[in-house]
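2 protein chains.
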Amino acid sequence: MNKKYVYLFKEGNASMRELLGGKGANLAEMTTLGMPIPQGFTITTEACNKYYEDNEQISDIILKQIDSALIFLEEQTGKKLGSIQRPLLVSVRSGARASMPGMMDTILNLGMNDDVVQVFAEKNRRFAYDSYRRFIQMYADVVREVPKDLFEKAIDTKKYQRGLHLDTDMDANDLEDLVKVFKGIYRDYLHEEFPQDTKLQLIEAVKAVFRSWNNPRAITYRKLNDIPSSWGTAVNVQEMVFGNMGDDCGTGVAFSRNPATGKKEIFGEYLMNAQGEDVVAGIRTPQSMDSLKHVNSNVYNQFAKYADKLEKHYKDMQDMEFTIEHGKLYMLQTRNAKRTAVAALKVAVDLVAEGLIDEKEAMLRVDPEQLNQLLHPDFDKKKLKAAKVITKGLPASPGAATGKLVFTAERAQELAEQGEKELILARLETSPEDIEGMVVCNGILTVRGGMTSHAAVVARGMGTCCVAGCGDLTVNSDDKILYTKEGQEFHEGDYISIDGSTGNVYGEKIETVDADVSGDFAKFMGWADKIRTLEVRTNADNPRDAKKAYEFGAQGIGLCRTEHMFFEPDRIAAIREMIVSETPEQRADALNKILPMQRGDFEELFRTMKGYPVTIRLLDPPLHEFLPKKDDEIKELAKDMGITYKKLKEIVSDLHEFNPMMGFRGCRLDVKYPEIAVMQTKAIMEAAINVQNEGIKVIPEIMIPLVGDTKELRFVKNIVEETAEDLLKNSNSKVKYHIGTMIEIPRACLMADEIARDAEFFSFGTNDLTQLTYGFSRDDAGKFLKYYYEEKIFESDPFQKVDQKGVGKLMQMAIKDSKKVRPDIELGICGEHGGNPPTVEFCHNIGLTYVSCSPFRVPIARLAAAQAAVKTETK
Amino acid sequence: MNKKYVYLFKEGNASMRELLGGKGANLAEMTTLGMPIPQGFTITTEACNKYYEDNEQISDIILKQIDSALIFLEEQTGKKLGSIQRPLLVSVRSGARASMPGMMDTILNLGMNDDVVQVFAEKNRRFAYDSYRRFIQMYADVVREVPKDLFEKAIDTKKYQRGLHLDTDMDANDLEDLVKVFKGIYRDYLHEEFPQDTKLQLIEAVKAVFRSWNNPRAITYRKLNDIPSSWGTAVNVQEMVFGNMGDDCGTGVAFSRNPATGKKEIFGEYLMNAQGEDVVAGIRTPQSMDSLKHVNSNVYNQFAKYADKLEKHYKDMQDMEFTIEHGKLYMLQTRNAKRTAVAALKVAVDLVAEGLIDEKEAMLRVDPEQLNQLLHPDFDKKKLKAAKVITKGLPASPGAATGKLVFTAERAQELAEQGEKELILARLETSPEDIEGMVVCNGILTVRGGMTSHAAVVARGMGTCCVAGCGDLTVNSDDKILYTKEGQEFHEGDYISIDGSTGNVYGEKIETVDADVSGDFAKFMGWADKIRTLEVRTNADNPRDAKKAYEFGAQGIGLCRTEHMFFEPDRIAAIREMIVSETPEQRADALNKILPMQRGDFEELFRTMKGYPVTIRLLDPPLHEFLPKKDDEIKELAKDMGITYKKLKEIVSDLHEFNPMMGFRGCRLDVKYPEIAVMQTKAIMEAAINVQNEGIKVIPEIMIPLVGDTKELRFVKNIVEETAEDLLKNSNSKVKYHIGTMIEIPRACLMADEIARDAEFFSFGTNDLTQLTYGFSRDDAGKFLKYYYEEKIFESDPFQKVDQKGVGKLMQMAIKDSKKVRPDIELGICGEHGGNPPTVEFCHNIGLTYVSCSPFRVPIARLAAAQAAVKTETK
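Protein sequence lines, in the order shown, are assigned to chains A and B.
Under my numbering, the first residue of the first sequence is numbered -19, with each subsequent residue one higher.
Under my numbering, the first residue of the second sequence is numbered -19, with each subsequent residue one higher.
To be clear, the hints were calculated from the coordinates, so they are not data collected in a lab.
Mixed in with the good hints, there may be bad ones.
One copy or two, it doesn't matter: identical chains are merged, so the pair holds either way.
[Said to hold, decoys possible] Keeping only pairs whose Cα atoms sit at most 25 Å apart, straight-line, the calculated DSS-like set for lysine-lysine is:
hint	residue 1	residue 2
1	Lys691	Lys785
2	Lys652	Lys772
3	Lys763	Lys627
4	Lys128	Lys138
5	Lys128	Lys609
6	Lys160	Lys139
7	Lys528	Lys627
8	Lys573	Lys709
9	Lys785	Lys796
10	Lys800	Lys714
11	Lys609	Lys763
12	Lys289	Lys163
These numbers were taken from a predicted model, which means no experiment stands behind them.
All chains should be modelled from the sequences, with the hints used to inform the complete structure.
Structure follows, in structure tokens:
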């Protein structure tokens, strides 16, 4: 038997979403529920894939099945496509597995031609020609790519000639004229007549919808929303019903609850005597659903009843389209409604209170990524409306910020010390030495750099709003001027505002409002914590971040990058002294200057984490990162350090690396300079002893980075262990500490059974692991990855979402092998992936102990972990 | 029962080499064979490892077992350690699993003390004190690290006072005096008396031998010879016999065949009235073994009989030590003899002819690395003796070369065109643009750079002799002067000579002799080809290399790096034009200029390979490698190209990469610039068609580099396939070609089951695969890997010998998974590892189809492959 590529609505149901798409599955389900649905059929997503396999042709098998379905529909409706007795008009709409609103194409009123229009004209001339001219325009645009504006201009001309303002002002004669003009446009552009064969119209429309799956905006949308191109779209062919046949007709869109607030009420808009697109177009102002009560209470009550029924059926808030044709209500579509984060939370909590779902199901009703909106300040919506966007960059770190412009990190620190509270730092790009200045700013704006640039990564880590890569701006730091493309100038102290969730930049002050994380948020996250089994820790390099993360529910620090503590002026001087040292003794002396500072930092971290584990990674970056590269800077530093330029220049040259990512860094530093590991271990253990003596529980976890071989780990571990044991013995203290390693080199995954013998914990450093597994450097990959997206070679960014097939396979090998030799090994992830919901789910599934992410992503990870636990249970 | 740590000689045998060490196992075996062996016992390698585990102490268990063995030895010999009736003297010698000549310590005459010496003095006073003073010196040096030269000076003083020249001129009184002086030195240096307790002497000596396993020269030797430190050394305690008790005594070392030529004859040296060390010391000139026939024909015949018996027993040429004590012959040691490459070949071939071994066993009698000596020219040995070494560098590419000094590649080309045949190019370091000049030189000398520098890699590839990293030399290319550290000057045209096998540089002309690869070599390699199942191909980027490799038995080209063809002046201009192109059309135009040149190269390769497969890799390096980096060079090039400096500078900046190894290269280039793949495919297929039309069979294999995902491969494959098919169709030709990929990214190994669907062959690019799996860049790793060797974290260079546990695991996964979807997939290796014998064996074992290596390593790989096949069979 042939594969079934076409399903009547009554043959499907909601569980067939993969095959029928979301819309098709819902139409089928609603049919089964006995809703008043205009009937029709769905051509499956498999048909779409076959269409592409067959070189963009619809095969005979599918054509035949469409034929049969059409015949059935004609019998069911008593109408017939192209008939001049009882003509059938249909809509042809896309419908993918996941909702992709507005991304693909739709054609309405299909079945119209010069004869059919007459049949309708007999009843309602204006409606008939209006429908026909709309159909011609849509078909020409979608199926044949005739430019839309040719038709728009013709409408404008017509209205101008007739002295009319609105499309609706045109009468039947105008519209009949327009049909002629439109057919002329079609003919002139394509050198052929507008097709009168209604069957051909149908097939061409179906193909066009299939094609629209791969239009550029659909591809972009899929990339952003992580939808594989292999899913394809289904096509729904459905009898048309008309909201524009007269004043007893209408059409609308309404929600079963308020999508902005989550309040339980019928919320939406409708227009009488209109088609769906009129509601969206905004020419006529739609009415609120409340008014429908008075206009047609019967229809309103019926709708409210259906809404309630659908909500109970789907156990979620619904977004429904309906049409009233001559007083009869038709439901056209229902789907789980998109909603704001606030609404999502309230709906989830309310549905639990109403007994429709339980706490576990509630977890799945909020998109973890949405929580982001709740954790950051936002602009006052009213004030925002009046503000003018001066440029747009990448939404690199969410939130809204307003403040006085400042051009260097040092100046920001100065102004902050003078009490300035609202500052926006504008830089060509930021560098590690800017961190102290970035901390005191509300927002960061950069001209260069992408979503993973230094500014973006650091800002996300700090929860500071950031707009990166504003290529249209010019920053002149010397003269302290910011120029827009149009030549507008902003000087130091001028107010600007940036929106890190949209990338918008405004040239003025806009009031912001703080996030509200009480009430529903607290209750909901409480459920999440009860349900999830995966721990959530944070990546925090300083007490400020640690404090924020603790407030957000972090259960420890999964990664403290000690080198981030080294860039303050007094520290970097000591580090540089260490680098230019010629003997281990000199090196130890220099390190001893840093020791009390590091110890102080660690004490603060232990205090903040109140008994949760604190994982501290030993020094990781190559040493040249602490030295200047430019000759004049080297000269200056040499003078400061009291050594010759020649000597310092030689040291800088010696440290130069061709591929620093794969260079002399991580534990490799400790093999050559054991003094570094000694100093850092002392700082950690002394801090732990001190804080424990304050009566606070401490769990130090010392993490040795960049291990690829067990002997390498053992070498550094021995240094750490000896230092720690000596210290504990000499201070007569007992502190339980753990030594483990970061798994970030492919070989470490391959050698996990050996390495686990010497490591109490593994923390997957998926940033480097991804770089090495793919063989591309994150700093350089931008140059070619855009072509990979364009050519659909890659569908998601492996630095955002862990590559489960490749990198994930290595992780799974490492987990399996490590557990063989150490069943109780603690397993975590501390790459930036740790806050990415699909990755959190993957981490749950492969058996990690915890994920660690930047502070502002902690709640997101908590929810994602709860969702993963729920999904596991229901598998 | 306790583990057995001590074996009497009669308890062991030759198969116990791992436990007893080579020497111990042989002594045991010889004992069993009924040879006249001074008896003794062996303390096992496990005891050595336990000694280290127990923090350099010998445990009680082992002490007890030594005691028992000693008692047995005393009963057997009727002598007793420390006895003043019949005192036993013993030697204490190291003996590891593999021979490590001279690397570890030995103590002779142990058991001497002030009382024992009297017993011996009664019989032979001179002998007694001579033995005692030797023992004191050895013990003091080896066990207590008293500086040797303190003793040497005392001897010199004594001889000076007495007006004597040679040690042997000293009489009994002198030696008795010396014993006193020596004991004084010992006392003064260590503040204690020389130990009189002979048992303590023994135990301390054993410990000292264990310790010598980890002396620096032993560690270095192990690293060079790839011997794991975990093996440990055994210690042999053996009754002393004396060749220095009078004129009817003697000692010698002899081979069962000539170790230089392989000729079957007793070959060696001996000295009458001497101890073993005297033979080596070179103070007295030893006699040739021939003369022993006349001195003591009885002993000579006995020795010849034993030599023959041992050779037949071990089925290999033996290296034996013997001592004659009062006319009685003692065999002290036998082992398979070290021999030159020439001798190794002759002995292997002769042993087959003599019926002692078969062809397969013969394979194992030649070290593949040794063949290197046979493939390159060498200095005339006689001439070499008189030559003076002016400096020493790294032996980067083997062979010997003599020629006139030249300082730039251009000048070398000029002189070569003028007919100059003997040229040595001296550079600070070489770069890709020097290649044409390097080709015309006999030898390359560089000041900077290591074994894997550009000069070294290219020279090895070309089989040209190279000495790299001569840090003591200064090269002034502008003035064309080479300075030695001592200030000696060499100018252009001055003769120098370099030895790429030793690293020696000579400041004069030295005649060279060509390699002789006829006779035994040809016969032996013929056997190897019959036995091996692994194919051997070559890495060759030009017809010259391909020709050489074909002569050396290569069965095809496994890797042709097309970019190496791009550096000639006319080609690089076109490449640069391509890089600065702004449209695909401009780019295609520039590429079209290169096409005929590439096609010509490929034609030559196909012709040279006479029907063997030729694997051509598409362009691999990042484009910035083809552009200058320095401002003045950019300015010049911009002028040449007729574009502005600013524009070219911008292009250079845009192409800059932080980690070029992980950058925009390999197939990533083809994704952005499909024109490159199109041009290269055309060049390959047009060449294939042309050569096939000449009646020569062609097998083009097009290799797509740096693939990490199957979609990426498929994208480029489609371009290649379309281009090839179009071309074949248009030219009405039929050529069977293959498309495959280089597996050099860890992810490619993990995705092998998917990638193999689109690849007819995999070629493991183990250079990059090693870099990425370990996460270190070959160009940078030198900075820290030396510490890894020092700390014994790494024991061999993963860029020389494939890391079987890590990289090898990935390879094995890839092989297994790829065969699942494509059982007949062709699998090769084309990293530099392909010519490394242990790697060749590994490749054989994991089921590769072929290895590919540089031309001069082809015979080495052929033999290594044969050895692997033999080992598999006998497993």
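For each hint, the structure was consulted:
In this assembly of identical chains, Lys691 and Lys785 lie within 25 Å of each other by CA distance solely across copies; the values are 13 Å between and 29 Å within a copy. Only between protomers do Lys652 and Lys772 lie at most 25 Å apart by alpha-carbon distance; the minimum there is 13 Å, versus 45 Å within a single protomer. In this assembly of identical chains, the alpha carbons of Lys763 and Lys627 lie at most 25 Å apart only when taken from different copies (18 Å versus 36 Å within one copy). Taking identical chains as interchangeable, the C-alpha atoms of Lys128 and Lys138 lie at most 25 Å apart only when both belong to the same chain, with a minimum of 16 Å there against 114 Å between chains.
Taking the shortest Cα distances, Lys128 and Lys609 never come within 25 Å of each other, neither inside one copy (56 Å) nor across copies (50 Å). When the C-alpha separation of Lys160 and Lys139 is checked against a cutoff of 25 Å, the pair qualifies only within one copy, where the shortest distance is 15 Å, while the shortest distance between copies is 129 Å. In this assembly of identical chains, Lys528 and Lys627 lie within 25 Å of each other by CA distance neither inside one copy nor across copies; the values are 44 Å within and 47 Å between. In this homomeric assembly, Lys573 and Lys709 come within 25 Å of each other (Cα to Cα) only inside a single copy, at 23 Å, whereas the closest approach across copies is 75 Å.
For the identical chains of this complex, Lys785 and Lys796 are neighbours both inside a copy (16 Å) and across copies (17 Å), given an alpha-carbon limit of 25 Å. In this assembly of identical chains, the alpha carbons of Lys800 and Lys714 never lie at most 25 Å apart, being 30 Å within a copy and 55 Å across copies at closest. In this homomeric assembly, Lys609 and Lys763 come within 25 Å of each other (Cα to Cα) both inside a single copy, at 24 Å, and across copies, at 19 Å. Within a single copy, Lys289 and Lys163 get their C-alpha atoms no closer than 45 Å, and across copies no closer than 108 Å, so neither meets the 25 Å cut-off.
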